[in-house]
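**Q** The residues making up each chain are set out below.
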Amino acid sequence: MAMWDQRYEPVIGLEVHAQLLTQSKAFCSCSTKFGQDPNSNVCPVCLGMPGVLPVLNLSLVEFILRMGLATHCSVAPRSTFARKNYFYPDLPKGYQISQYEEPICHGGYVEVELEEGRWKRIGITRIHMEEDAGKSIHDLDVDTLVDVNRCGVPLIEIVSEPDIRSPREAYLYVHKIRQIVTYLGICDGNMEEGSLRCDANVSVRLKGETKFGTKTEVKNMNSFRFVEKALEYEINRQIDLLESGEQVVQETLLWDAGQGIVLPMRSKEEAHDYRYFPEPDLVPVVVTQEWTDRIKETLPEDPTERRNRFVAEYNIPKYDADILTSEKALADYFEAVIRGLKTKSEENCKLASNWTMGDVLRVINTEKIAVSDFPLPPAHLAEMLNLIIGGTISGKIAKDVFEDMLKTRESPKVIVEKKGLVQVSDIAAIETIVDEILAKNRQQVESYLSGKTQVLGFFVGETMKATKGRANPKIVNELLRKKLEGRKE
Amino acid sequence: MPVTIEDVEHIAKLARLEFSEEEKEKFTHQLNQILTYMAQLNKIDTSAVEPLSHVIELSNVFRPDVVKPGLTQEKALKNAPAKTEKFFKVPKVIGER
Numbered sequence: 001m002a003m004w005d006q007r008y009e010p011v012i013g014l015e016v017h018a019q020l021l022t023q024s025k026a027f028c029s030c031s032t033k034f035g036q037d038p039n040s041n042v043c044p045v046c047l048g049m050p051g052v053l054p055v056l057n058l059s060l061v062e063f064i065l066r067m068g069l070a071t072h073c074s075v076a077p078r079s080t081f082a083r084k085n086y087f088y089p090d091l092p093k094g095y096q097i098s099q100y101e102e103p104i105c106h107g108g109y110v111e112v113e114l115e116e117g118r119w120k121r122i123g124i125t126r127i128h129m130e131e132d133a134g135k136s137i138h139d140l141d142v143d144t145l146v147d148v149n150r151c152g153v154p155l156i157e158i159v160s161e162p163d164i165r166s167p168r169e170a171y172l173y174v175h176k177i178r179q180i181v182t183y184l185g186i187c188d189g190n191m192e193e194g195s196l197r198c199d200a201n202v203s204v205r206l207k208g209e210t211k212f213g214t215k216t217e218v219k220n221m222n223s224f225r226f227v228e229k230a231l232e233y234e235i236n237r238q239i240d241l242l243e244s245g246e247q248v249v250q251e252t253l254l255w256d257a258g259q260g261i262v263l264p265m266r267s268k269e270e271a272h273d274y275r276y277f278p279e280p281d282l283v284p285v286v287v288t289q290e291w292t293d294r295i296k297e298t299l300p301e302d303p304t305e306r307r308n309r310f311v312a313e314y315n316i317p318k319y320d321a322d323i324l325t326s327e328k329a330l331a332d333y334f335e336a337v338i339r340g341l342k343t344k345s346e347e348n349c350k351l352a353s354n355w356t357m358g359d360v361l362r363v364i365n366t367e368k369i370a371v372s373d374f375p376l377p378p379a380h381l382a383e384m385l386n387l388i389i390g391g392t393i394s395g396k397i398a399k400d401v402f403e404d405m406l407k408t409r410e411s412p413k414v415i416v417e418k419k420g421l422v423q424v425s426d427i428a429a430i431e432t433i434v435d436e437i438l439a440k441n442r443q444q445v446e447s448y449l450s451g452k453t454q455v456l457g458f459f460v461g462e463t464m465k466a467t468k469g470r471a472n473p474k475i476v477n478e479l480l481r482k483k484l485e486g487r488k489e
Numbered sequence: 001m002p003v004t005i006e007d008v009e010h011i012a013k014l015a016r017l018e019f020s021e022e023e024k025e026k027f028t029h030q031l032n033q034i035l036t037y038m039a040q041l042n043k044i045d046t047s048a049v050e051p052l053s054h055v056i057e058l059s060n061v062f063r064p065d066v067v068k069p070g071l072t073q074e075k076a077l078k079n080a081p082a083k084t085e086k087f088f089k090v091p092k093v094i095g096e097r
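Chains as they are written, first to last, in the numbering used here: chain S, 1 to 489; chain A, 1 to 97.
Just chain A, same shape as in the assembly (with noise of 0.2 Å):
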């Protein structure tokens, strides 16, 4: 299924990016090369292999529920753009998630 235009307009709106038209139909190009790349390993009968959700093969890496300092308000708020003395400062966004 090859990715549309439309396709690169939705993933844009999710990650609030906006394209010029001809961005649009360049990433739609690309995206389907990288598919059809993919597609290849599609071939390959993996219907005895466990899905791989982890390339290393670790488990149960934990910290103890232990506090140390992290920044310095002044330091959290350093590189922002936009802040008042205390908080990071965004464009105005209404309503809940």
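Next comes chain S alone, as it looks inside the complex (with noise of 0.2 Å):
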């Protein structure tokens, strides 16, 4: 549970941004590919050169749109741009491209479900549209070295209400706002990689107190993990500061995950005149009524609304649900695997959750790939759970079917046929082995007749190992239990 001072109760707000997955630039057509050679990916326009003139990237509009509609924001109809004027070398013009008194979305919310059937709307301020800066590596003794491939890759800035409550609930609200990103399709949601960045405005006050405390603001919480910590430290931090009768001193913290404390930022004084004026290189965005209609239609659907629906259509668990429906990739492909079975009842809707929350995902974590680069077809997988449910092969068989998919890529029904893996339903081929291994063990027989039925374990174990594993399991037991009961009159 929480792990200050209850008698204080901490106010947060925070600030996401997320990195677009735009091809190009926002102001300029340079591409936004990662990784590349420095200094490569870079045009006049996003190097500051003077006399270029930005032009606004479609996508970066449409991709906000489709996030602020997705939290319930309201559409300004008229949005204009701004100019935050600071001094660093990463940021070539000297002023970064953003919104400020009139961002494009404004006004909505999240819920983040606090624990089972309890929800919590969490507001959002505002979302604006904005350029990255570029990256400076402090790594040499004498110079700082500038790389300005990622000047100009559009963010958007998601600034929420002040109504977050404690590190979990921030953790919550992050966690939303990467899975609606993802499932919009507009960013990776990369937090280790700063595809997702989170900052946050922290105070504390005593409870019932309605007026805020003084805020700090923590920055560089690079994993969700540390959006938690941070948070409890920065917490408990301000309560000892106040009942030790000092103050808190606004100002911007970095989180070091090395020492797991906050540090303060080695920052000028007048860091925070940004001094914003209107850009007047760009244009209003006016956006219509049919624009956002065009938008909204496009949207997928919810991530809590789906899982609902997979807990409703097909009666697996609740737990299974959220499983499944954390990234729209991974939701996408149970719902294909569903798609190709034969039949879709409970249970082999189950058997589908199963295989695909476990074996799926744990390739899918151990090979630390993205769900959409699995290897297997759900066309595939669904033909394995096919044969299966058919009885052609056993559940045990189907890991090693499922292992040799992997590496061939072939379908199972070829790969059942060339290893020779249906399964034995034939009775009477079964009934011969059985006699075979009761005539081979018949100290164990009895044991058996003498009360101690837990030896039919180990009658199954060896019909299974003399078939290689392919006996029906169900045949082996029942005729087992048959056999051995009938020589006890």
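What the hints contain is simulated information worked out from the structure, not anything from laboratory work. Any given hint could turn out to be false.
[Said to hold, decoys possible] To be clear about the criterion: a stretch of chain S counts as covered by chain A if any three or more of its residues have a C-beta under 8 Å from a C-beta of chain A, and this derived list gives those stretches:
#1 18 to 28
#2 31 to 43
#3 145 to 151
#4 274 to 288
#5 337 to 346
#6 364 to 377
The beta carbon of each residue, even a glycine, is placed where N, CA and C say it ideally should be.
Please dock the two separately framed chains into a single complex, following the hints provided.
**A** This is the structure in structure tokens:
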């Protein structure tokens, strides 16, 4: 539970930056591709050469409208750009193009599930468009090196209301935002690589107090775990200050993951004087009702609604549905598997869920690949499940077939035929083997007859071994029980 | 509200510019002259006029999301006063923005 003095209440607002998956930059036609040779995805516009003009990328507007509509925001009929001025080597123009007084989206919300069935609504103040800065490398002794490739890559900034009351809620909120941007296909949601960045405004106050305390800004929380840890640390730091009669100083702090603490940023006292003014090089964006209607039609199913539908339609547990809908690609995969099933009974849907959550996700996690890069087409997995359901192979053999499918990319039917893995359900054939095993193991038969019925497992194991796992376990069990019980008389 | 020498020093610092005392005084004087001139406009009643954010009556100028080649690395770095083979080189800066 909460790890701080419970007489106090934290007040947290989050700013999330999401890097958009456009092909080209926000205001010029340079590629946004990651990991390129330094200073190779650049042009006079993003290098900030004199006399150049930015031109807005249409996809940036469409992507932010998707986000705004998915988070129940109002869309401004007219919005404008502004220049945020600051001087730093990774920003060749000397200003960042952003939105200030007239953001394109405002007044929305997301809902997070605090615990089973208990939801909390967290307000979204605004979502606006801006551009990323370049990268400075400080490793050298004497100089700083600058790579401008990332300059001008489109970002959206999602600003929450100060509605968040615990590090856990902050974690759930960022998780929700990540789920939405990935569902919308506008951002890859990778916090470790910086495609999704999170800064927090944090203050504490005694419970019942209506005024906010002095806030600090915490930056550099570049993983979900760090969001929770950094906020917990900062809440305790502020409470300790107040309890010892000191004051919280309004400042910007950096989370140091190595030490597990926040440290004041070595900043200039005037750092926050950005002298915003309207960007004269870009014209206003006017969004009509028709435009938002058109975007609305293309929005995917909301992740929470999809989860609820999975529970209702496929009768799978909520736990399963949560995992399966955590990512759109995984939910799509699961539904494609379901579509391939011959019969969609509750039992079969649960089987599909088990294989998707278990075996498919295991491969994805151990290989550290994206769901979209998982090599087996869902139709092949469905075909394999149909073989289990139809009794052609056992669930145990299926594990081997699955591994073979991963290696050879062949269809399960081909693998099963080639390797002769077809389950033996021929009672007469199994009976011959069972009889042999009973004859070979008289001592164990005696044990059984004397009441130690648990040796049945031994006989099942021996029979499966003898048939290389191909015997239908249900028939093996039935036959053995019948034969052993028959000897009791 | 006239511009003071402190305002000029503040703005200069933000822009990483260094001025001599004479220059600071000269700019303070010039900025005040400009603002006095602009102050005449404040006498006009604009309560019924929408603030203007752009002088051209245009909106929605977009480009399609298509990649076009820009400059080569060599050309991008060509005019830099200090560089390595692949990077711009600047005096050491520590800390975040």
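**Q** Report the numbers of all earlier hints that the structure fails to satisfy, in ascending order.
**A** Failing hints, ascending: 5 and 6.
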